[in-house]
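First to last, the protein sequences are chains D and H. Count the first sequence with the working numbering and you get residues 1 to 112, in order. Count the second sequence with the working numbering and you get residues 1 to 112, in order.
Bear in mind the hints are in silico, worked out from the structure with no lab data behind them. Incorrect hints may have been included.
Computed list of lysine-lysine pairs in DSS-like fashion (alpha-carbon distance at most 30 Å, straight line) [claimed, not checked]:
| no. | chain 1 | residue 1 | chain 2 | residue 2 |
| --- | --- | --- | --- | --- |
| 1 | H | 68 | H | 3 |
| 2 | H | 56 | H | 17 |
| 3 | H | 17 | H | 111 |
| 4 | D | 57 | H | 107 |
| 5 | H | 3 | H | 41 |
| 6 | D | 13 | D | 57 |
| 7 | H | 107 | H | 68 |
| 8 | D | 100 | D | 57 |
| 9 | H | 17 | H | 107 |
| 10 | D | 100 | H | 68 |
| 11 | H | 68 | H | 17 |
| 12 | D | 57 | H | 41 |
| 13 | H | 3 | D | 57 |
| 14 | H | 56 | H | 41 |
| 15 | H | 107 | D | 100 |
| 16 | H | 107 | H | 56 |
| 17 | H | 56 | H | 68 |
| 18 | D | 57 | H | 68 |
| 19 | D | 100 | H | 41 |
| 20 | H | 3 | D | 100 |
| 21 | D | 13 | H | 41 |
| 22 | H | 41 | H | 107 |
| 23 | H | 17 | H | 41 |
| 24 | H | 3 | H | 56 |
| 25 | H | 56 | D | 100 |
| 26 | H | 111 | H | 41 |
| 27 | H | 56 | H | 111 |
| 28 | H | 107 | H | 3 |
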Amino acid sequence: KAGVTQTPRYLIKTRGQQVTLSCSPISGHRSVSWYQQTPGQGLQFLFEYFSETQRNKGNFPGRFSGRQFSNSRSEMNVSTLELGDSALYLCASSFRNNEKLFFGSGTQLSVL
Amino acid sequence: ELKVEQNPLFLSMQEGKNYTIYCNYSTTSDRLYWYRQDPGKSLESLFVLLSNGAVKQEGRLMASLDTKARLSTLHITAAVHDLSATYFCAVDSARSNYQLIWGAGTKLIIKP
Numbered sequence: 001k002a003g004v005t006q007t008p009r010y011l012i013k014t015r016g017q018q019v020t021l022s023c024s025p026i027s028g029h030r031s032v033s034w035y036q037q038t039p040g041q042g043l044q045f046l047f048e049y050f051s052e053t054q055r056n057k058g059n060f061p062g063r064f065s066g067r068q069f070s071n072s073r074s075e076m077n078v079s080t081l082e083l084g085d086s087a088l089y090l091c092a093s094s095f096r097n098n099e100k101l102f103f104g105s106g107t108q109l110s111v112l
Numbered sequence: 001e002l003k004v005e006q007n008p009l010f011l012s013m014q015e016g017k018n019y020t021i022y023c024n025y026s027t028t029s030d031r032l033y034w035y036r037q038d039p040g041k042s043l044e045s046l047f048v049l050l051s052n053g054a055v056k057q058e059g060r061l062m063a064s065l066d067t068k069a070r071l072s073t074l075h076i077t078a079a080v081h082d083l084s085a086t087y088f089c090a091v092d093s094a095r096s097n098y099q100l101i102w103g104a105g106t107k108l109i110i111k112p
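With the rest of the complex left out, here is chain D (with noise of 0.2 Å):
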């Protein structure tokens, strides 16, 4: 079965501009939850999808949003990067709601 795929890997973008991550989760998995990790600030829970509907954030300003498609893929926008924004930014997927968590490998983003 194929792991979870996070594209890009690497991303260099510049203040004020927005940026898409894209996600494919797991087959026949249905949760998507996205995580951004940062030196400082650990581990902080953004947002989770089950079945293309958002249903939990978390404490992220607006520029933050994300969607779920049909077949499961996700994809989270950062509008007007700031360079507090630079981040691994994670991808996990689960059959149903925080089960066991299968994490993909991340793209890091740098704000210059």
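Given chain D, work out where chain H should sit, using these hints.
Structure of chain H alone, referenced to chain D:
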């Protein structure tokens, strides 16, 4: 607010020794998770603990949960170099709307 504290945050130990990582959380939780992250890599699920007194073991790692003390431990027996990684615990509960709340991680270095 649900908070998760891990200690120690950094641990350097010799091969062959035993040690324990502690994970305290502030309010009633539904599930407790342990994950491992190798440098530059994604997170790998180790254990999911659901109920008081739960104990799970995999190789040289054993995790336990005491819901009354709001404490989970990850015990490493006869450490080997391959166990060097950062270990995270995470908790979810109805109080956090089932968002995963993460500990800061314990960076474990095992010296030959």
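Tested hints:
1. H:68 to H:3: holds (16 Å)
2. H:56 to H:17: Satisfied, since the Cα-Cα distance of roughly 20 Å is no more than 30 Å.
3. H:17 to H:111: holds (10 Å)
4. D:57 to H:107: holds (28 Å)
5. H:3 to H:41: holds (25 Å)
6. D:13 to D:57: holds (24 Å)
7. H:107 to H:68: With Cα atoms ~27 Å apart, residue 107 of chain H and residue 68 of chain H stay inside 30 Å; holds.
8. D:100 to D:57: holds (19 Å)
9. H:17 to H:107: Holds, because 16 Å separates the two Cα atoms, which is no more than 30 Å.
10. D:100 to H:68: holds (23 Å)
11. H:68 to H:17: Judged against 30 Å, a Cα distance of about 29 Å means the pair holds.
12. D:57 to H:41: Answer holds: residue 57 of chain D to residue 41 of chain H is near 25 Å, not above 30 Å.
13. H:3 to D:57: Since the Cα atoms of residue 3 of chain H and residue 57 of chain D sit roughly 17 Å apart, the hinted pair holds (cutoff 30 Å).
14. H:56 to H:41: With a Cα-Cα distance of about 24 Å, the restraint between residue 56 of chain H and residue 41 of chain H holds, given a limit of 30 Å.
15. H:107 to D:100: Judged against 30 Å, a Cα distance of about 22 Å means the pair holds.
16. H:107 to H:56: holds (21 Å)
17. H:56 to H:68: Judged against 30 Å, a Cα distance of about 18 Å means the pair holds.
18. D:57 to H:68: holds (29 Å)
19. D:100 to H:41: holds (18 Å)
20. H:3 to D:100: Distance ~20 Å between residue 3 of chain H and residue 100 of chain D Cα, so the pair holds.
21. D:13 to H:41: holds (22 Å)
22. H:41 to H:107: This hinted pair holds, its Cα atoms lying about 14 Å apart.
23. H:17 to H:41: OK: residue 17 of chain H and residue 41 of chain H at ~26 Å, within 30 Å.
24. H:3 to H:56: holds (23 Å)
25. H:56 to D:100: holds (14 Å)
26. H:111 to H:41: holds (20 Å)
27. H:56 to H:111: holds (26 Å)
28. H:107 to H:3: Holds: residue 107 of chain H and residue 3 of chain H sit about 19 Å apart, inside 30 Å.
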